[in-house]
Amino acid sequence: MPWLSLAIWVPILFGVLILLTARNARERHVRPLALIGAVAGFLVTIPVMMHFDSASFLQQFTESHEWLPMVQSKYALGVDGLSMWFVPLTALITILVVLAGWDVIQTKAPQYFAAFLILSGLMVGVFTATDGLLFYIFFEATLIPMYIIVGVWGGANRVYAAFKFFLYTLMGSLLMLVAIVYLYVKSGTFNIADWHALAIGAREQTLLFFAFFMAFAVKVPMWPVHTWLPDAHVEAPTGGSMVLAAIMLKLGAYGFIRFSLPIAPDASHHWAWLIITISLIAVVYIGLVALVQKDMKKLVAYSSIAHMGFVTLGLFMFDSKGMGFAIAVQGAILQMISHGFISAAMFFCIGVLYDRVHSRDISAYGGVVNTMPKFAAFFMLFTMANAGLPATSGFVGEFFVILGAVKFNFWIAAIAGITLIVGAAYSLWMYKRVVFGDVANAHVAELTDVNRRELLILAVLALTVLAMGLYPKPFTDVMSVSVNHLLEHVAQTKLPLMK
Numbered sequence: 000m001p002w003l004s005l006a007i008w009v010p011i012l013f014g015v016l017i018l019l020t021a022r023n024a025r026e027r028h029v030r031p032l033a034l035i036g037a038v039a040g041f042l043v044t045i046p047v048m049m050h051f052d053s054a055s056f057l058q059q060f061t062e063s064h065e066w067l068p069m070v071q072s073k074y075a076l077g078v079d080g081l082s083m084w085f086v087p088l089t090a091l092i093t094i095l096v097v098l099a100g101w102d103v104i105q106t107k108a109p110q111y112f113a114a115f116l117i118l119s120g121l122m123v124g125v126f127t128a129t130d131g132l133l134f135y136i137f138f139e140a141t142l143i144p145m146y147i148i149v150g151v152w153g154g155a156n157r158v159y160a161a162f163k164f165f166l167y168t169l170m171g172s173l174l175m176l177v178a179i180v181y182l183y184v185k186s187g188t189f190n191i192a193d194w195h196a197l198a199i200g201a202r203e204q205t206l207l208f209f210a211f212f213m214a215f216a217v218k219v220p221m222w223p224v225h226t227w228l229p230d231a232h233v234e235a236p237t238g239g240s241m242v243l244a245a246i247m248l249k250l251g252a253y254g255f256i257r258f259s260l261p262i263a264p265d266a267s268h269h270w271a272w273l274i275i276t277i278s279l280i281a282v283v284y285i286g287l288v289a290l291v292q293k294d295m296k297k298l299v300a301y302s303s304i305a306h307m308g309f310v311t312l313g314l315f316m317f318d319s320k321g322m323g324f325a326i327a328v329q330g331a332i333l334q335m336i337s338h339g340f341i342s343a344a345m346f347f348c349i350g351v352l353y354d355r356v357h358s359r360d361i362s363a364y365g366g367v368v369n370t371m372p373k374f375a376a377f378f379m380l381f382t383m384a385n386a387g388l389p390a391t392s393g394f395v396g397e398f399f400v401i402l403g404a405v406k407f408n409f410w411i412a413a414i415a416g417i418t419l420i421v422g423a424a425y426s427l428w429m430y431k432r433v434v435f436g437d438v439a440n441a442h443v444a445e446l447t448d449v450n451r452r453e454l455l456i457l458a459v460l461a462l463t464v465l466a467m468g469l470y471p472k473p474f475t476d477v478m479s480v481s482v483n484h485l486l487e488h489v490a491q492t493k494l495p496l497m498k
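In terms of numbering that gives the first Met the number 0, the sequence shown has 178 at position 179, counting the first letter as 1, and numbering is strictly consecutive.
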């Protein structure tokens, strides 16, 4: 069975079906059909998880079909230990996003749910494409539904935020297209695995490295090209923020793993200091910026940038023996998966409050625990996970990255470790002002606790956060062989000009 193609096209086809059969939000079949499409998209990823061979670093569940034979480009798909977990993660978040907007979205509901289903399939395509041109098309196509989601269902400044998001990410990707064309001209193919085996000179590697860097750094986003993200998060609807933080930011980090490191290994070694420096700035400076935010969504948006700083930090710490690098890369991937669960949960919790009070300002709340005790308990769990509390998924990835950093450079590990205090500070500060204390105003006094739909979403996210935090072995087992293979490819620089 072409499981990966099904994971891509099942949600897309359901999205198109909704657009063709529904004209307004009052039509009853829209939401059930969207949920069926999302669930079906997740179900077809289960065989991929169950039958994935963690002892192999090769691409699995591969598909290859003639697509553009005149340029040797194929519709080619596959997953390895570096990408496998992002396929079910994307499908699961899509289900939760559909449930999150079930009662909330009353305007243009068919287009809203269709946009998310189409976006889900496109993002799975990014994680599974093994053809460079196909990857680029999926990578760029994800901009369209997210642009529409922010621009149509966002807040007061939605058009500005959507335009800024689209412009930043599109401009960053143009250089990647140039790099892809160069690699095609040099190799005669768009097969990404063939690009990994190319012998490329020092100057060309540097140019390729920075071409890919511009595209992926904006997508992560890394400091200082991060300014589009807080605006997009603040204006996006709850579902848009959940997908943006949980999945779309990971496309950039995944690009570093799939393109920058294996295609330009010597340049990656040579310019690792730059990535490490920028990542530490993101972890420290952006964490301090989060401390002074008055808007809950903006605070969590800045925390996402800081957490993704741990990801990019873990990807470029090349120690002499390689063991630290392997641990740090595993930590970076674990952090990507964990942040997908935690960030989706944090933005959903903020959305629950916003749907009731219609304000994201921290000052508009206080004493929420008195009227929403169930919600407060879940919110506490996710806040602690966001701060990296042991036994939650937020701890696992950060611990691996810091452990790898110790083997690379003690002082870098010390800086990264100390900044965890900043993360705990802004997370707990927000929680304290929103949840604890006496009932602050009449709006809080009138709050009702979570309903069954909201409770289901919170319970699923809580289960994933705790399961990964308590037993991360299934995640590390899947990726360890592929990470070691990547290590063998990039561990030692080969070009004298890069040393």
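Among the clues, some could well be false.
What the hints assert, rightly or not - Below, in silico cross-link-like pairs of lysine-lysine (DSSO-like), each with a Cα-Cα straight-line distance of 30 angstroms or less:
id, residue 1, residue 2
1, 163, 107
2, 373, 431
3, 297, 185
4, 73, 185
5, 373, 163
No lab work stands behind these hints: they were computed from the structure.
Here is how each hint holds up against the structure:
1. Taken as a hint, the residue 163 and residue 107 pair is honoured in the structure, with Cα atoms around 23 angstroms apart against an allowance of 30 angstroms.
2. A hinted pair counts as satisfied when its Cα atoms are at most 30 angstroms apart, and residue 373 with residue 431 qualifies at roughly 16 angstroms.
3. Between residue 297 and residue 185 the alpha-carbon distance is near 44 angstroms, which puts this suggested pair outside the 30 angstroms criterion.
4. Of the pairs offered as hints, the one joining residue 73 and residue 185 holds, with about 17 angstroms between alpha carbons and a cut-off of 30 angstroms not exceeded.
5. About 37 angstroms separates the Cα atoms of residue 373 and residue 163, which puts this hinted pair outside 30 angstroms; it is violated.
In this structure, the earlier hints numbered 3, 5 are contradicted, and the remaining ones agree with it.
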